[in-house]
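Participant: Sequence:
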Amino acid sequence: MNTPVYIAIDQPLDLGTTLNSGQCFRWRSEPDGLWLGVLGPDVVRLWMYGDTLGIESAPAAPGDMVEEITAYLRLDDDLPTIQKGLSSDAHVNEGIRRYPGLRLLRQDPWETLATFILSSVSNIPRISRTVELIATTLGEPVALDRTYRHTFPGPERLAAVDEAELRRLGCGFRAPYLLRAAQDVASGALRLGQLRGLPYAETLPLLTALHGVGEKVADCVMLFALDRMEAFPVDRWVQRAVAQWYGVRSRRYGDVRDWAWEHFGAHAGYANQYLFWNARQQRRDQAAEGDRSSRSDPEA
DNA sequence: TAATAACCTCGCAA
DNA sequence: ATTGCGAGGTTAT
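In terms of my numbering, the first sequence opens at residue 6 and continues consecutively.
No lab work stands behind these hints: they were computed from the structure. Note that this is a predicted model, so its numbers are computed, not measured. Hints are not guaranteed to be accurate.
[As the list claims (entries may be wrong)] FRET-style restraints, in silico, Cβ to Cβ: (1) P85 <-> P146: 37 to 47 angstroms; (2) L203 <-> G55: 35 to 45 angstroms; (3) D260 <-> Q291: 38 to 48 angstroms; (4) D260 <-> R151: 46 to 56 angstroms; (5) P9 <-> R257: 46 to 56 angstroms; (6) R254 <-> A148: 17 to 27 angstroms; (7) S255 <-> P146: 44 to 54 angstroms; (8) P9 <-> G202: 14 to 24 angstroms; (9) Y54 <-> P210: 40 to 50 angstroms; (10) G68 <-> F178: 43 to 53 angstroms; (11) D260 <-> G55: 43 to 53 angstroms; (12) N128 <-> T75: 23 to 33 angstroms; (13) R254 <-> H216: 37 to 47 angstroms.
[Unchecked claim] In silico DMTMM-like links for lysine to aspartate or glutamate, alpha-carbon gap of 20 angstroms or less: (14) K89 <-> E235; (15) K89 <-> E267; (16) K221 <-> D113; (17) K221 <-> D260.
Heads up, the beta-carbon is just placed ideally off N, CA and C, and yes, glycines get one too.
Please model the entire structure based on the sequences and the hints provided.
Facilitator: Okay, structure coming up:
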């Protein structure tokens with residue numbers, strides 16, 4: 006018996022877009038707009054009901070998870086104000102217009118580090134698959150009603166397996182990176198839990214000291230987990246977007262970052278997310294368009 | 001400092 | 001069905 010809890014939401018919140026925008030990899034869509042994920046040791050089901058957010062969870066009671074979920078969804082960020090501050094930029098504004106309830110998340114630092122190490126030269130479906138396989142193999146089973154999921158294994162658990170095992174789970178050449186990161190976090194060489202709130206310039210070198218963590222992955226961890234909202238991850242998509250839309254063509258990571266800070270300011274990370282998702286969706290739209298026209302006019 | 005290859009597999013499109 | 005290409009980067013040269 007799991008009685009749902011409903012909390013009033015006074016912020017824009019599009020669960021589907023937010024949980025599916027490439028920041029996180031463990032949420033599954035269920036019929037009727039429900040979303041099922043794992044937060045720490047708990048399985049959580051979320052859905053919007055008008056202006057309220059519905060929550061089911063186990064083993065923790067949903068009433069005891071309100072604070073954690075509020076933090077996870079960054080409902081403490083005043084999104085309309087942030088969006089207003091970014092809306093003078095036409096391309097970001099287009100993203101805001103299309104996805105007004107797209108929010109950044111405040112995720113667990115270890116899980117975020119691990120999953121973005123795995124993101125290198127990969128794609129969302131594959132990252133999701135590998136992360137889920139790691140969880141089902143090395144995590145703890147946990148059930149919400151009759152739905153079973155697994156926790157994401159902590160650094161100690163991951164540090165205890167060997168590289169071959171991680172390769173079997175689909176990590177590929179990222180296996181030694183993930184393993185060493187787990188060892189460093191487990192041993193305390195990297196105090197991940199104490200990085201939140203540390204300035205960007207102090208956090209970056211601590212993260213990039215890890216083998217397999219460059220500036221892009223470090224930015225993802227800082228933006229999606231460590232409250233560094235100025236972090237501006239420059240991946241293929243963003244690089245393409247800033248080159249095409251702003252003429253920013255430098256290949257040097259720091260140049261693009263400096264430009265983003267100059268252009269977008271302290272909430273560059275939100276701008277990044279709107280640009281990223283807008284760029285991705287536009288390419289998806291174009292692919293669908295091309296598919297449609299080639300089907301209707303094969304001679305074209 | 002800048003360019004280039006190599007890295008594991010998998011997803012996706014032909 | 002089977003094949004071939006490129007993928008949310010990082011490191012080594």
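Participant: Quick check: does the Cβ-Cβ distance between P9 and R257 fall within 46 to 56 angstroms?
Facilitator: Given a distance of about 50 angstroms, which is inside 46 to 56 angstroms, the answer is holds.
Participant: Is 40 to 50 angstroms right for how far apart the beta carbons of Y54 and P210 are?
Facilitator: holds (45 angstroms)
Participant: Using the Cβ atoms, figure out if D260 sits within 46 to 56 angstroms of R151.
Facilitator: About 52 angstroms separates the Cβ atoms of D260 and R151, which means 46 to 56 angstroms holds.
Participant: Do the Cβ positions of R254 and A148 conform to the proposed distance bound of 17 to 27 angstroms?
Facilitator: violated (51 angstroms)
Participant: Run the distance test for K89 versus E235: straight-line Cα separation, threshold 20 angstroms.
Facilitator: Since the Cα atoms of K89 and E235 sit roughly 16 angstroms apart, the hinted pair holds (cutoff 20 angstroms).
Participant: Is 37 to 47 angstroms right for how far apart the beta carbons of R254 and H216 are?
Facilitator: violated (29 angstroms)
Participant: Looking only at beta-carbon atoms, does the pair P85, P146 fall within the given range of 37 to 47 angstroms?
Facilitator: holds (40 angstroms)
Participant: Tell me if the straight-line CA distance from K89 to E267 falls inside 20 angstroms.
Facilitator: holds (17 angstroms)
Participant: Could you tell me whether the CB distance from N128 to T75 stays inside 23 to 33 angstroms?
Facilitator: holds (31 angstroms)
Participant: At the C-beta level, are D260 and Q291 separated by a distance inside 38 to 48 angstroms?
Facilitator: At 28 angstroms between Cβs, range violated.
Participant: Cβ-Cβ distance between S255 and P146: within 44 to 54 angstroms?
Facilitator: At 48 angstroms between Cβs, range holds.
Participant: In this structure, is the beta-carbon distance linking G68 and F178 contained in 43 to 53 angstroms?
Facilitator: At roughly 44 angstroms between Cβ atoms, F178 and G68 fall inside 43 to 53 angstroms, so the hint holds.
Hints 3, 6, 8, 13, counting from the list given before, are not met by this structure.
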